[in-house]
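Colleague: Here is what each chain is made of, one letter per residue.
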Amino acid sequence: MKTVQSAFKFHGGVHPQYNKDLAASKPIEAMPLPKQLVVSMSQHLGAPAKCLVKKGDAVAKGQLIGERNGFISANVHAPVAGTVAAVEPRMGPTGGWVDAVILDVAEDQSGASAFMPPLDWKSASREDLLARVNDAGICGMGGAGFPTVVKLSPPPDKHCEYLILNGAECEPYLTSDYRTMLERADRIRAGVEIMRKILNGPAVRIAVEANKPDAIAALEKAFADIEGNVEIVVLPVLYPQGSEKHQIYATVKRIVPEGALPIAVGCVVENVGTVAAIADAVEKGIPLIERVTTVSGDGVVEPKNVRAPVGTRYADLVAFCGGEKEGVRKVISGGPMMGFNVPNLEIPTTKTTSGLLFFTSARVFQYSSNACINCGRCVRAAQKMDVMDCIECGACSFGCPAYRDITQNCRRAKASIRAAAAAAKAKAAAANAKK
Amino acid sequence: MRYLIIIVGAVLVNNFVLNRFLGCCPFLGVSKKTETALGMSGAVVFVMTVASAVTWCLDHWLLAPLGLGYIHTLAFILVIASLVQFIDIAMKRFVPPLHAALGIFLPLITTNCAVLGVAELNCKNGTPFIESVLFSFAAALGFGFALVIFSGLREKLAWADPPRCFRGIAVALVTAGLLSLAFMGFNGLVKLPY
Amino acid sequence: MNAILIAICVIAGIGALAALALAIADKYLAVQEDPRIGLATAALPGANCGGCGFAGCADYARALVEGTAAPGACAPGGDAVNAELAKILGVAATATERRVALVKCGGTRSEAIRVGDYNGICDCAAAAATAGGDKGCRFGCLGYGACANVCPKHAIRIEDGLAVVDKRLCIGCGKCVSVCPRKLIELVPASATIHVLCNNPVRGPEVTKVCGVGCIGCHLCEKNAGGKEANHFTFNGFLAKVNYENPPTDAALADKCPRKCIREDAHFETGN
Amino acid sequence: MLPKQTAERYILSSSPHAHADASTSRIMLDVIIALLPALCCGVYFFGLRALILTGTCIAACLVTEGLCRLAMKRENTIGDLSAVVTGLLLALNLPPDLPVWMAAVGGVFAIGFAKQVFGGLGYNPFNPALSARAFMLISFTGAMTTWSSSAWTLSAGSTEAVTTATPLALIKKGAEGFDWSQAALIKDLFIGNVNGCIGEVSALALLIGAVYLLVRKVITWHIPVAFIGTVFLYAMFKGGVPPLVHVLSGGCVIGACFMATDYVTSPITAKGKLIFGCGCGLITMLIRTAPTGAYPEGVSFSILIMNALTPLINRFTQPKPFGKVKK
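Residue numbers (my numbering), protein chains in the order written: chain H, 1 to 435; chain F, 1001 to 1194; chain U, 2001 to 2272; chain X, 3001 to 3327.
It is worth saying that the hints were derived from the structure and are not from the lab. Take the hints with a grain of salt, since some may be wrong.
FRET-style restraints, in silico, Cβ to Cβ [stated by the list, open to error]:
1. Lys3173(X) - Ile2008(U): 56 to 62 Å
2. Pro2201(U) - Gly327(H): 35 to 41 Å
3. Arg3315(X) - Ile2158(U): 54 to 60 Å
One-sided and incomplete, this derived list gives chain U residues near chain H with beta-carbon spacing under 8 Å [claimed, not checked]:
4. Ala2042
5. Val2115
6. Gly2116
7. Asn2119
8. Ile2121
9. Asp2123
10. Ala2125
11. Thr2130
12. Ala2131
13. Gly2132
14. Arg2138
Taking lysine-lysine and the BS3-like style, the derived pairs with C-alpha atoms no more than 30 Å apart in a straight line are [stated by the list, open to error]:
15. Lys1032(F) - Lys414(H)
16. Lys2183(U) - Lys427(H)
17. Lys3073(X) - Lys2153(U)
18. Lys3217(X) - Lys20(H)
19. Lys35(H) - Lys221(H)
20. Lys2241(U) - Lys2256(U)
21. Lys2167(U) - Lys2027(U)
22. Lys2256(U) - Lys414(H)
23. Lys325(H) - Lys2(H)
24. Lys2087(U) - Lys2153(U)
25. Lys425(H) - Lys2183(U)
26. Lys2027(U) - Lys1092(F)
27. Lys9(H) - Lys20(H)
Here the structure is a predicted model, which is why all the values come from computation and not from measurement. Virtual Cβ for every residue (Gly too), placed ideally from N, Cα, C.
Whenever a hint applies, use it, and build me the whole structure from the sequences.
Modeller: Laid out in structure tokens, this is it:
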């Protein structure tokens, strides 16, 4: 085990104000259970889970309530014991309406929980471990929520040579990964051992940005006696360092081809929080039912890193942090560069909610776009020129002196290209059916 | 050296479009896209070179000996028109996409005053054969050069947001004027033989 | 005299030679093309609206002649053009009824609430992708003009945060129908006068929370229009819909709707 | 009737929700700050008249900008300061003795015909200040090539004939026997104690401004280095007048650092910028050194011509996407 400096810097990128000090020093706090949870069936990327409960059902903590529905999908479990008040469409953080289980939280949580039996990763088979990751509904906790079991089952002709742990957390304000690395380094180590076994022993690279020296120290301590090819790679502070493809370049200098997944160059990238969740799922049998969320921004009374059950409404979360300050104008689920604006606080957290930020008018810019002056800052900030490969990191809009909505336009273009492709496909299918 | 001066003179200094203001119709008409502009330039280079060779022969071996110098304009138009028509037919047969892209502007080379202009200039100056063909070739190159530059500008202008009264061809003309202004910097760069 | 003769002969000679060359070229290099393509293109209105599903009138004409499309798909041209096309192709004409676009939402800025101040590009799809849009009703018209921007006839305008169609200008090409992220534009017979201006199928209390003129599915319109047997309305959840196979004509229906979402003035017409 | 609004409304917008401390007006302000040393030098060498001309140009540009926007019924864009930059650049490229009304006409042309006709900032294909200068050079040839007699203190080997000429005019004339390599001449050229346009005389002041722009990351090094480098190399291979004299005379430095780097009319990528700069330098030297050429100076024309080529350069220097496989 050794610590190395990243030697490879990608072109472009930007330097936003990080403002991580608001919550960086706050240890992770578990929050008291709210009265009601709203557990969305779409906690992850891909198809929503199939709901297994109906109104009036009593559920135990950890009970499976949504079943993986399709290849890219993930299980959903009851975060607490309670009764199903309703199953109805609710707005999620991205603005879409998806079926959600409204759960009245039972006052007495002492009843038996429906956790899975613990597994000893050393003696368990690869298949059992993989099945556990699937059963526990683990998905990427960095933001996109890609189902982890899919990542851990590379196609037979591909071999994973590098397992890269993403601890960059390059989004401003967010500190949940940082606190996890600091406080749960041993769980991350256990998760790494499990994943190494599942992936047939790849080399491990742990990528952390240079602005988190104590997290690096904690990881060094936890991983000190680990065997095999494990390195902590210290990355230069640059946004979007946390993006999968950029991280692969920064750690192992491989370039993921346009439109391909990291496995195409023998890499699997996983967020540190996800790795800790895998350790809990295997060793303790706990499915993914809670996560650490950073509640921060200048519009919240007491910024905190909160461990809350999945499905906690934003209103409950902020109430635990002392509530909103006067004059909040913008609420963001996730980080300020890639997070989603939300219109109200009735929206629940999901497995991917890494942060909840409140900004007052002092921090919110309301803008009108001016004419492009061709300064080229967007081109220098961005790496992807093909719109379908845009990762929507926002670096282009961030530096635009004319305040143009470049990222939003890319997103719209991607949507319309996808729609056109789908329409063409449907048309072709209809024509085939006619024949 | 003399040949080089002819080429530089015709391409930069006395550019047909930007300095002599000949061939403005296709210059404005076919410059909306760089691809079509390139195609048109190719067509004009071809037509102008061939036309000047044909008209030189016609002038020297038929019209001049017969003392018919006064009808050369008429004869030239006839020859050029047929030549363009021939190219039109051939292009439709062999490169249909280019033919479709050039559309109405290919037959319009017939009335492109640059083609007739270059023939007339050669005739007036009494240029020797090689030099007149070279001059026509260079003049057509200059035309194409201006056309391609202008098409690049117009592709950019397509995104511009001019006031209503200047939209379309008006703003294109203003741009052409400014381009012409820029090319005036080449004034006197070489001493022109013609 | 002699000079004139020589001149005439020379010019005539050149002309004859050129004509000969061209005639040969025309014979050996000509490209064959079905003359009906040209005829059909000429018969089409040339609006290039794309409503027929092809990339413009010429493309549709080619498909017609090749037999991969049938006449009757040209909405702007209407019956006259379709009959003409049928004649060119030698097939029987089919009559179509003129259809116009209808925006099924009445939630203007003064009737429906907005839940946020949207700040971004002025486009409905983009607004809908930003926190689900700023309108309280998730089925209602966002009013950022995606439909108006694609309309080839400029027949849609945004009034008080709501898209409205000009009945006279609309050619029924359906571009607005496909571009609307809320899918609330429908092509309806131009002859129908009574329309339900709402697209929200959820329960009444939820609707009244976000909109002053949303349909709550009270079935009063059905009752007033002669009951279920008269079959003037259909229902989808808590949303009434005019049965355009058998549209109602009684103007009094609009006054009797308690939510004021049945309207006679769903379109405007130029000149009015 | 509108249902009751329950809570205060939040702003809804698409990510990113953070923004760099950059705006069009801030960039323009930086350019203005960077041009102040050159302006000060101009005032020092040519007197108050330089200041009056500058004020006139800026005022003409601002008024034209305001009136155009008013006539177009669009929002006023005086606040983005781009009109001030245009006016300032135009003034710095004028001879100090030019009649004031001509300067005003230039300002009106720059904004009215070279910018607002295209819809305002961001859409103009040619640099407005340079378009106006080229327009004035052709319309008011006499006034635009008459130089103040106040400066130009060349001592060694000078004749009376050169007292009212710029170094470039002298080069063009081919002043025989003039010792171009004297140190005093280079020093005068560098400091600005020569004849020429208001803002172009002092290379020192311009370089201070350019360094400021580089530090503020408003411009990149590519265009200035390619431009000046090409001029230097061309002059070196051509022989005769020392390359440094070519670089320091006329509008070479102001053109390379301030005019050619105009965002709107120059290419976006580093490669494109290098091509652009080299092209500018080459055309400049072609015009300067052609014995029969009509103009002693070619900087404005060269930049205008390269402006015209910018869309094509952009087209052929599009960056390769990260992760794109070469086909």
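Colleague: Could you run down the list of hints and mark each one as holding or not?
Modeller: Results for each hint:
no. : hint                                : verdict
1   : Lys3173(X) - Ile2008(U): 56 to 62 Å : holds (59 Å)
2   : Pro2201(U) - Gly327(H): 35 to 41 Å  : holds (37 Å)
3   : Arg3315(X) - Ile2158(U): 54 to 60 Å : violated (36 Å)
4   : Ala2042                             : violated (28 Å)
5   : Val2115                             : holds (4 Å)
6   : Gly2116                             : holds (5 Å)
7   : Asn2119                             : holds (5 Å)
8   : Ile2121                             : holds (5 Å)
9   : Asp2123                             : holds (7 Å)
10  : Ala2125                             : holds (6 Å)
11  : Thr2130                             : holds (6 Å)
12  : Ala2131                             : holds (4 Å)
13  : Gly2132                             : holds (3 Å)
14  : Arg2138                             : holds (6 Å)
15  : Lys1032(F) - Lys414(H)              : holds (27 Å)
16  : Lys2183(U) - Lys427(H)              : holds (19 Å)
17  : Lys3073(X) - Lys2153(U)             : holds (25 Å)
18  : Lys3217(X) - Lys20(H)               : holds (26 Å)
19  : Lys35(H) - Lys221(H)                : violated (40 Å)
20  : Lys2241(U) - Lys2256(U)             : holds (16 Å)
21  : Lys2167(U) - Lys2027(U)             : violated (52 Å)
22  : Lys2256(U) - Lys414(H)              : violated (46 Å)
23  : Lys325(H) - Lys2(H)                 : violated (45 Å)
24  : Lys2087(U) - Lys2153(U)             : holds (28 Å)
25  : Lys425(H) - Lys2183(U)              : holds (20 Å)
26  : Lys2027(U) - Lys1092(F)             : holds (13 Å)
27  : Lys9(H) - Lys20(H)                  : holds (23 Å)
In this structure, the earlier hints numbered 3, 4, 19, 21, 22 and 23 are contradicted, and the remaining ones agree with it.
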